[in-house]
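Chains A and B, in that order, give the protein sequences. The first sequence begins at 1 in my numbering and counts up one residue at a time. The second sequence begins at 1 in my numbering and counts up one residue at a time.
By construction, these hints were calculated from the structure, which means they are not laboratory data. You may find that some hints are simply not true.
Short derived list, chain B residues pointing at chain A, Cβ under 10 Å [unchecked claim]:
id, residue
1, 68
2, 80
3, 142
No experiment lies behind these values; they were computed from the predicted model shown. Note that CB positions come from ideal geometry on N, CA and C, so glycine has one too.
Protein chains: 2
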Amino acid sequence: MAIGEALAQLKKGEMVVVFDSESREGEADLMFSARFVSPKKIETLRKEAGGLICVAIGKQDAEKMGLPFFTDIFERGAPELKELTCRKTAYGDKPAFSLPINHREVYTGIPDNDRALTLKKLDEVVRERKGDFMKEFYVPGHIFLLIGRGIENRRGHTELALELAKRAGLDGAMVLCEMLGTGKALPKKDAMEYAKRNGLVFIEGKELTG
Amino acid sequence: MAIGEALAQLKKGEMVVVFDSESREGEADLMFSARFVSPKKIETLRKEAGGLICVAIGKQDAEKMGLPFFTDIFERGAPELKELTCRKTAYGDKPAFSLPINHREVYTGIPDNDRALTLKKLDEVVRERKGDFMKEFYVPGHIFLLIGRGIENRRGHTELALELAKRAGLDGAMVLCEMLGTGKALPKKDAMEYAKRNGLVFIEGKELTG
Numbered sequence: 001m002a003i004g005e006a007l008a009q010l011k012k013g014e015m016v017v018v019f020d021s022e023s024r025e026g027e028a029d030l031m032f033s034a035r036f037v038s039p040k041k042i043e044t045l046r047k048e049a050g051g052l053i054c055v056a057i058g059k060q061d062a063e064k065m066g067l068p069f070f071t072d073i074f075e076r077g078a079p080e081l082k083e084l085t086c087r088k089t090a091y092g093d094k095p096a097f098s099l100p101i102n103h104r105e106v107y108t109g110i111p112d113n114d115r116a117l118t119l120k121k122l123d124e125v126v127r128e129r130k131g132d133f134m135k136e137f138y139v140p141g142h143i144f145l146l147i148g149r150g151i152e153n154r155r156g157h158t159e160l161a162l163e164l165a166k167r168a169g170l171d172g173a174m175v176l177c178e179m180l181g182t183g184k185a186l187p188k189k190d191a192m193e194y195a196k197r198n199g200l201v202f203i204e205g206k207e208l209t210g
Numbered sequence: 001m002a003i004g005e006a007l008a009q010l011k012k013g014e015m016v017v018v019f020d021s022e023s024r025e026g027e028a029d030l031m032f033s034a035r036f037v038s039p040k041k042i043e044t045l046r047k048e049a050g051g052l053i054c055v056a057i058g059k060q061d062a063e064k065m066g067l068p069f070f071t072d073i074f075e076r077g078a079p080e081l082k083e084l085t086c087r088k089t090a091y092g093d094k095p096a097f098s099l100p101i102n103h104r105e106v107y108t109g110i111p112d113n114d115r116a117l118t119l120k121k122l123d124e125v126v127r128e129r130k131g132d133f134m135k136e137f138y139v140p141g142h143i144f145l146l147i148g149r150g151i152e153n154r155r156g157h158t159e160l161a162l163e164l165a166k167r168a169g170l171d172g173a174m175v176l177c178e179m180l181g182t183g184k185a186l187p188k189k190d191a192m193e194y195a196k197r198n199g200l201v202f203i204e205g206k207e208l209t210g
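Just chain A, with the same shape it has in the complex (with noise of 0.2 Å):
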């Protein structure tokens, strides 16, 4: 039930609290669709989660934007650095890190309107003109974008974000961010009450793998 509700909150451009699972990261994360963004809920994201503000596509995107994953590209540009490289993180799987972004349009890139102009147009070129990521988009920039391995592959936040995307008829962009607590991840009963006090819906990744 709890996901039929998450489903149509999303859909209205509501925000979402999504717990991984306790043997995971055992992390909350805030989420919600790109195409819904603006400044203020930047502003919420850095003032009441606290991670980094991050966004996933899916793989068949990214590959139709000839994005490759981090350590790809890190491992062709840098093989002598090799050793430096992620195989697999404390938690078990491979990061979902591809590159950080930021729209041309931007000043610096970080303050709230010039990420919420990163993510709206990145949310844009993947729903309608893809083959025009690079000629909108440089790098370094201050978004991190995360590319999705499929919830049959891989039960991260990336994933699960995509996931309900998918359910919820939402193609494009997802935008996530690490809920955090005084000096570790926010506890999740921390997270329900978030959640509860804000209106806003709890799911756990298991409501939608299990």
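Fit chain B to the given chain A structure using the hints.
For chain B alone, coordinates are given in the frame of chain A:
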């Protein structure tokens, strides 16, 4: 006089507020020496500054550690994407960005404890055991490593931070984070008020370069 006070504060492990200039980013950063990092300071940066939590090291240190600029790796590793490379930002400089790193002992890399650990260890490696960088860290991570080009070549927050460290006799790494206001960079007068309210020294780039 403010510079002398800033150096004294940095030596004590305190933060300072540094505004670059109206003709560049027009942005204030909170910064401090990485040897004094703590989870509490990371919490302050994410809650009260709001930008990316970055760490600056000097060019000579970066060379000894084998660390290139992001754009160098990107152009070698993804020549088919070279159109994406930022040669010059909207405010006129080349980016200072090198690599996003985590220390190998972190769990996810993003909570205050993890980011403080990555920063603390990086500072130690820069000061004491540069050759161990590749053994102790991995990419992609959650702390953004910046390389300073020297204040005679670039007057960004990266170079201002490292110039302050040099004058304070603090070798090692400097932590910095952009201060954001609603929608846009925190206006200079608000950054000055923030500094005053929190007992921090406020300085401008021209005091270091003029």
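Evaluation of the provided hints:
Below 10 Å, beta-carbon pairs count as interface contacts, and residue 68 of chain B has one with chain A at about 7 Å; its hint therefore holds. The criterion of a C-beta within 10 Å of any C-beta in chain A is met by residue 80 of chain B, whose closest approach is roughly 7 Å, and the hint holds. A hinted interface residue such as residue 142 of chain B counts as satisfied when its beta carbon comes closer than 10 Å to some beta carbon of chain A; here the least separation is about 6 Å, so the hint holds.
In terms of the numbered hints stated before, the structure departs from none.
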